[in-house]
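Enquirer: One letter stands for each residue in the lines below.
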Amino acid sequence: GAVVSQHPSWVICKSGTSVKIECRSLDFQATTMFWYRQFPKQSLMLMATSNEGSKATYEQGVEKDKFLINHASLTLSTLTVTSAHPEDSSFYICSARVGQSYGYTFGSGTRLTVV
Amino acid sequence: GENVEQHPSTLSVQEGDSAVIKCTYSDSASNYFPWYKQELGKRPQLIIDIRSNVGEKKDQRIAVTLNKTAKHFSLHITETQPEDSAVYFCAAMETGSARQLTFGSGTQLTVLP
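Note that the protein sequences, when read in sequence, are chains X and B. Numbering-wise (my numbering), the first sequence opens with residue 1 and increments by one. Numbering-wise (my numbering), the second sequence opens with residue 1 and increments by one.
These are computed hints drawn from the structure, not numbers from a lab. Do not rely on the hints blindly, as some may be mistaken.
One-sided and incomplete, this derived list gives chain X residues near chain B with beta-carbon spacing under 8 Å [as the list claims (entries may be wrong)]:
(1) T32
(2) F34
(3) S43
(4) L44
(5) L46
(6) T49
(7) I93
(8) R97
(9) Y102
(10) Y104
(11) F106
(12) G107
(13) S108
(14) G109
(15) R111
Where is the CB? At the ideal position from N, CA and C, for every residue including glycine.
Let's have the full structure, built from the sequences with the hints guiding it.
Expert: This is the structure we're talking about:
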């Protein structure tokens, strides 16, 4: 089946530094990639929608200059958390729709801890 | 945009009993409603889904019902087992160009042995 590979699975970084998270679609072309953030014991909240070759669409309240999304190819989308702060510590997960089907496939998630 | 509400937030049942989780959605144009099971620190896993042209769908011990008029859908798990313990999320897919999923707030299901 369709697989989205997400890396790293966990990362610890210092405040003020930047962290890049990658999501690759392994056996299909992901025209659209959704980026979610999940705080402990909470739901998945959509941060932004990235489309290959165009600017990402950010949800209200999500700082586009802080959470940089690049979707330069049909198989790779990246999320860079810039100038990370402890409150950015969360579980970040990507998801892509498989072709024109109704199915969505999720990456394995990245646990970000900012110290 | 779409708004999905999910109840209850926690649910404890005895092994072998049934569990029911309910969700409501706001956008009558939404047409796809998946249910996900998420274990701690893991990705959500699709357990069952239903499209708006169907009222009910069943897969072994799991079933989903959809009432389009009332804009609510429910997950039913029968003969619960301890391994069913997890967080369950409902979701609704918007029919805009992005077709993004909006998730409910989640239900922590605990099956007591």
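Enquirer: State for each hint whether it applies.
Expert: Here's how the hints hold up against the structure:
no., hint, result
1, T32, "holds (6 Å)"
2, F34, "holds (6 Å)"
3, S43, "holds (5 Å)"
4, L44, "holds (5 Å)"
5, L46, "holds (6 Å)"
6, T49, "holds (5 Å)"
7, I93, "holds (6 Å)"
8, R97, "holds (6 Å)"
9, Y102, "holds (5 Å)"
10, Y104, "holds (6 Å)"
11, F106, "holds (4 Å)"
12, G107, "holds (7 Å)"
13, S108, "holds (5 Å)"
14, G109, "holds (6 Å)"
15, R111, "holds (7 Å)"
Taken one by one, the earlier hints all hold for this structure without exception.
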